[in-house]
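K.L.:
Residues per chain are reported as follows:
There are 2 protein chains.
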Amino acid sequence: MPVPNHPSGRPILAAELLAIGSELTTGEIRDTNGGDLAHELDRLGVSMTRLVALPDDLPTVTGAFREALGRADLVVSTGGLGPTPDDLTREAIAAACDELPSVDPTMARWLRDIFDRRGLVMPDRNLKQAWLVPSATALPNPVGTAPGWWVDRPDGRVIVALPGPPREIQAMWRDHVLPRLHERGAGAGAAVRTLRLTQIGESHVAEMLGDTLLHGENPRVATYAKADAVEVRISARDERGGPSGGRTAGEIVAETASAIEERLAGHVFAHDDETWVEALGVALHGLTLACAEIGTGGTLSALIGEAPWFLYGEVTAPGSSATRRDRDLRAAARRVRDIAGADVGLAVRARERGKDTQVAIAVAIGRRTTLGRRLAFLTGPMGRRRAALAACAELWARLSERSPGVS
Amino acid sequence: MPVPNHPSGRPILAAELLAIGSELTTGEIRDTNGGDLAHELDRLGVSMTRLVALPDDLPTVTGAFREALGRADLVVSTGGLGPTPDDLTREAIAAACDELPSVDPTMARWLRDIFDRRGLVMPDRNLKQAWLVPSATALPNPVGTAPGWWVDRPDGRVIVALPGPPREIQAMWRDHVLPRLHERGAGAGAAVRTLRLTQIGESHVAEMLGDTLLHGENPRVATYAKADAVEVRISARDERGGPSGGRTAGEIVAETASAIEERLAGHVFAHDDETWVEALGVALHGLTLACAEIGTGGTLSALIGEAPWFLYGEVTAPGSSATRRDRDLRAAARRVRDIAGADVGLAVRARERGKDTQVAIAVAIGRRTTLGRRLAFLTGPMGRRRAALAACAELWARLSERSPGVS
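So the sequence lines, in the order shown, correspond to chains B and Y.
Under the numbering used here, the residue at position 222 of the first sequence is numbered 222, and the numbers go up by one with no gaps.
For any residue, its number in the numbering used here is found by taking its place in the second sequence, counting from 1, and adding 1000.
So that you can see chain B by itself, here it is in the shape it has in the complex (with noise of 0.2 Å):
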């Protein structure tokens, strides 16, 4: 259980994520700051009451931050701290506080310290970002000029307003703000795993997790279907028991995912955050990889060409003349391998049938060529993307059953 470490004795239990500026409001630009924090916090065991984009207007800001303080036990905005008349995020957290902002001599120090550094003289706009309430500490900025507020309101509330770009919100919420909430309890008692499955459908797993585990209170366990994976997320907080205490939220989720994994066992290919490429970086072990692509339009490319195990790949147009000289596939994939002086070959061939992709894949470790066929369900983007997965996944099965320790 949270041991909340403030006089109010107040746990961090619900939280609001209010995303600041009038490009997200237009659709300019894309919010994924939100998102991101929401993930973050949903593995502290902090509930999610809403996230809200907001236009740069200090009324509804204001108000935004006044009506989200009266829900939630912690308030975490980003963007408005720059030094633009636009950017009113400070305004808006001193009006809802009913607190006056003054220049913290120590932060305009330093502020003029890093214009100094560039042979530049501060403009006097920039010194709003040395401001704080009396109730606020600065948080540093490790990447950039606007220093971030942890805000420590009297009933035991906290507002954290994190800049705008992503780079500084994480560094900044590793450093200094994930350390001050587990001072204040969160993430005590509560523990979360994501297994990612691949090779099976989402009402199969559900069929084999069965509805005891699927409708249960502690662990809660819960499916996804996304894109690149089914996903069976378990959540648990610790066990409230008798003298001897009960299970902690650690020991349920453990428990619990090596049990899921013994029922869907070659079909965990990763786990929580961790991506496809990731998870062949650990079934390749040391191993490199070329790849040959027809009418897949680059998506697996896209998707695994940033891996340093990944030495060489060709994108082919259905048809074009570079095409007719892979009509086997097992060649092809020997071929791009030999090109490229790569341990492995992977070769995959998608062609569109109404609404269907139709997917052929050929994978060469060694002196075996195999080939495999599947079905991607979706025509057009989705499909070619759903034709890269099937890729992967052709691959990870293939090099699972060379090394079976490795899963």
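Since the hints were made in silico from the structure, they are not lab data.
Ideal Cβ placement from N, Cα and C applies to all residues, glycine included.
DSS-like, lysine-lysine: derived pairs with alpha carbons at most 30 Å apart:
| id | chain 1 | residue 1 | chain 2 | residue 2 |
| --- | --- | --- | --- | --- |
| 1 | B | K226 | Y | K1128 |
| 2 | Y | K1355 | Y | K1226 |
| 3 | B | K226 | B | K355 |
| 4 | B | K128 | Y | K1226 |
| 5 | Y | K1226 | B | K226 |
Partner residues are not named here, just some residues of chain Y that face chain B (Cβ under 8 Å, in silico):
| id | residue |
| --- | --- |
| 6 | L1024 |
| 7 | A1053 |
| 8 | L1054 |
Quick list of simulated restraints, FRET-style, between CB atoms:
| id | chain 1 | residue 1 | chain 2 | residue 2 | range |
| --- | --- | --- | --- | --- | --- |
| 9 | Y | G1250 | B | T137 | 48 to 54 Å |
| 10 | B | G354 | Y | A1225 | 39 to 45 Å |
| 11 | B | K226 | Y | E1274 | 28 to 34 Å |
| 12 | Y | R1125 | B | R71 | 28 to 34 Å |
| 13 | Y | E1217 | B | T275 | 46 to 52 Å |
With the hints as your guide, set chain Y onto chain B.
P.N.:
Relative to chain B, chain Y alone:
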């Protein structure tokens, strides 16, 4: 000016979007519908008061509908229209409007027909997809079993409830929502145009546009630095003139756009939602393309690999044996062009040097092969993606100088 076609006389000027689903507030699934619809509404001159993602919790969702109806003329929701107990958008709208839902016989028949045609018996729980409240009419779903709702409130406010899958939303929006919004006057008297620029920085664009243009009220002109372009967005409303009526929004936007295009000639590669693929398709004017990319991790093939004029691409890791044959980038551009039997060859090589990515680009058109160099300022995946965009920009510039009529 909007001419609302409703007895209340309320124009549709402000909207709020509610995306409903716990998978969004846990960060399991990222909402893309909100941004898409915000962009659609922005083009109609409807301003967005906020975008909200909510968990599947009846009191929370009901409260959000009530609050949104207090602020906006139009409330658009996505998700929560399925047949399961978790799908509670209909229940929330009914509660927020103080109305009772009942089964609509026509919709029930339509639903049963869908199951009949698949040889299935409709489960009882699906019957709630045939619900309506008295102030709602059904929005047909051409690609799923979840009809939407159009709810006309007595005060002229409107609720539009859409399903969650983007494909279903797009069809329903285009065929059934947009026509009704036009009938209600949305989009009348407003116009928007976006110019997409290449080979120029945002601050340089701002300087060339000047303060008068950037701080005007009608038209409003704003710049955005996006990953793939610097954008200039021009929006306007009809002038309220004397007896002659003043200029229309469309006229103001067209005049402003052509003045800006003249000032920024040679940089405007696309308009509105046009992508690099579309702009290059216009510039290629029937020619076909083959690409060699070295050290860019497949980002170029990912960007343009699905275009019909893309015949062949090679993706190689720096330092692999396949790369060594391409020391001379101009020769590589010609080599891939000839392998693929394409008209144009493009070769790009990216090298990470500390914080920068150095990019060399060769373009082979007919007998002429040109070599250009660029610097992309971010390392890692973003640097590689910028290298691919730099290659597109270089190709576009070479094609445009070849045929000055195309821009």
